[in-house]
Amino acid sequence: MKKIIKYVMTDILRNRIVLVYTVFLLITSFSVFSLEDNNSKGLLSLLNVILIVVPLVSIIFSTIYVYNSAEFIELLVSQPLKRKSIWLSLFTGLASSLSFAFFIGAGIPVLLYQPNSVGCMMIGIGILLSVIFVAIAMLAAVQTRDKAKGIGIAILLWLYFSLLFDGLVLFLLFQFADYPLEKPMIAISALNPIDLGRILILLQLDVSAMMGYTGAIFKDFFGTYIGGIFSFTVLLIWIGIPVFFSTRKFNRKDL
Amino acid sequence: MIIASNVSKQFGKLKALDNVSVACKKGECIALIGPNGSGKTTLIKSILGMVVPDSGFITFNEKNILHDWKYREQIGYMPQIGRYPDNMTIGHVLDMMKDIRSNSLQTDEDLIKAFKLNELMHKRMRTLSGGTTQKVSAALAFLFDPAVLILDEPTAGLDPVASEIFKEKIITEKQKGKLVLITSHVLSDLDDLITQVIYMQDGKLCFHKTIEALRKDTGEEKLSKAIANVMTKN
Chain H
0 MKKIIKYVMT DILRNRIVLV YTVFLLITSF SVFSLEDNNS KGLLSLLNVI
50 LIVVPLVSII FSTIYVYNSA EFIELLVSQP LKRKSIWLSL FTGLASSLSF
100 AFFIGAGIPV LLYQPNSVGC MMIGIGILLS VIFVAIAMLA AVQTRDKAKG
150 IGIAILLWLY FSLLFDGLVL FLLFQFADYP LEKPMIAISA LNPIDLGRIL
200 ILLQLDVSAM MGYTGAIFKD FFGTYIGGIF SFTVLLIWIG IPVFFSTRKF
250 NRKDL
Chain S
0 MIIASNVSKQ FGKLKALDNV SVACKKGECI ALIGPNGSGK TTLIKSILGM
50 VVPDSGFITF NEKNILHDWK YREQIGYMPQ IGRYPDNMTI GHVLDMMKDI
100 RSNSLQTDED LIKAFKLNEL MHKRMRTLSG GTTQKVSAAL AFLFDPAVLI
150 LDEPTAGLDP VASEIFKEKI ITEKQKGKLV LITSHVLSDL DDLITQVIYM
200 QDGKLCFHKT IEALRKDTGE EKLSKAIANV MTKN
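Protein chains in written order, with numbering that gives the first Met the number 0: chain H, 0 to 254; chain S, 0 to 233.
Treat the hints as calculated values from the structure; they're not laboratory data.
Backbone N, C-alpha and C fix where the C-beta goes; we use that ideal spot for every residue, glycine too.
Chain S is faced by these chain H residues, among others (derived, beta-carbon under 8 Å): (1) SER68; (2) LEU80; (3) ARG251.
So here's chain H without its partners, still in its complex pose (with noise of 0.2 Å):
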């Protein structure tokens, strides 16, 4: 297994794309933090950025690097392997190359302008949803063969978890004003890895203050060890299930 980490992650990192990636990220966040003069406003204008770029660069190009490595699948489904090592690999292969991309691209600059919590708390949100979105496109590839409907079907599930989600909870909200929504919001907010991550790094800066009741239920939750906890346990689960359904598809699926 580790023989075929190697050379997709060797394969990746070549890969000018991610190149043009890390460095995209490298002089957003220079300029962000050079632009603002306080640097928790720079992270937060940052957080934003990333919040967007980061699931849609992960989806995309994990999508198209499944579709792309057909034949070397394929290549290696004859060969003496385990499937399910091979389709492991793909993905250790693909989330640890997109994690090292973030991590020099946005978590270099935050480590040298914000060097707390704050600023560890965004590097690991970033790496948990570039893996989630590996996961989640992993997913999306190996249900359909057609590579045409698997890219536009990653496009819509980023669509749907970066604009769409935040449409249906307002819509909610608006629906339900009479009722009290603040702790159902909890467990909503739990089925958008995105917005979780929004949730985790806003309560860590002062702009909370600025969120009202919900923010103030989110803070008495999210806030606490056992809400800190819960976060990181559901951010697992949303790379474990696709992870786990994919493999699951990708052992019975015909080459």
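Put chain S on the given structure of chain H with help from the hints.
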């Protein structure tokens, strides 16, 4: 060595394999013949575990191959259309394969030498011609000295010289007591290689005979004429 029992596989509405049962023994050289789309490649892919049959089972050395992967150490497979990662060079692909199958002690590099692949080691896979890719596939199939060779349309795209080298290699391997499974439409290539013929049509296995029995039944000496005889009768 390989026994398939009542294997069926359906792709959508198309029945690719319909209740196919075959038994292949050591030392045999079997030609898998049939019109396009008769299920030859699907049968081969089922043996390799790349396609999972809907019903029926396949055993390799009396062990069911479902959920097994170790048995593939004993198979050398040459695909119909070899597709390799574009960015890798021939050298990389060969090294990677040796790396993955590191438990094979000795490698058989006869074909690499015979096809003069050594001079092309630094070439990237996407720049290769169809014939050269076939040569790489062939070299890979024989590289680990496997007990079973599965060759899907091996001579298509090879030039006459390479084709001759390749046939010589198959004959030497056959004499070592290996099981060889070949599909081909170039029947004249198969004449001096094979001992048995499996004929498939529309996913069904029509017959599995020794070449002598086939010659006797049809009264034709050449395989191509014998098969033509069978096809027109059907």
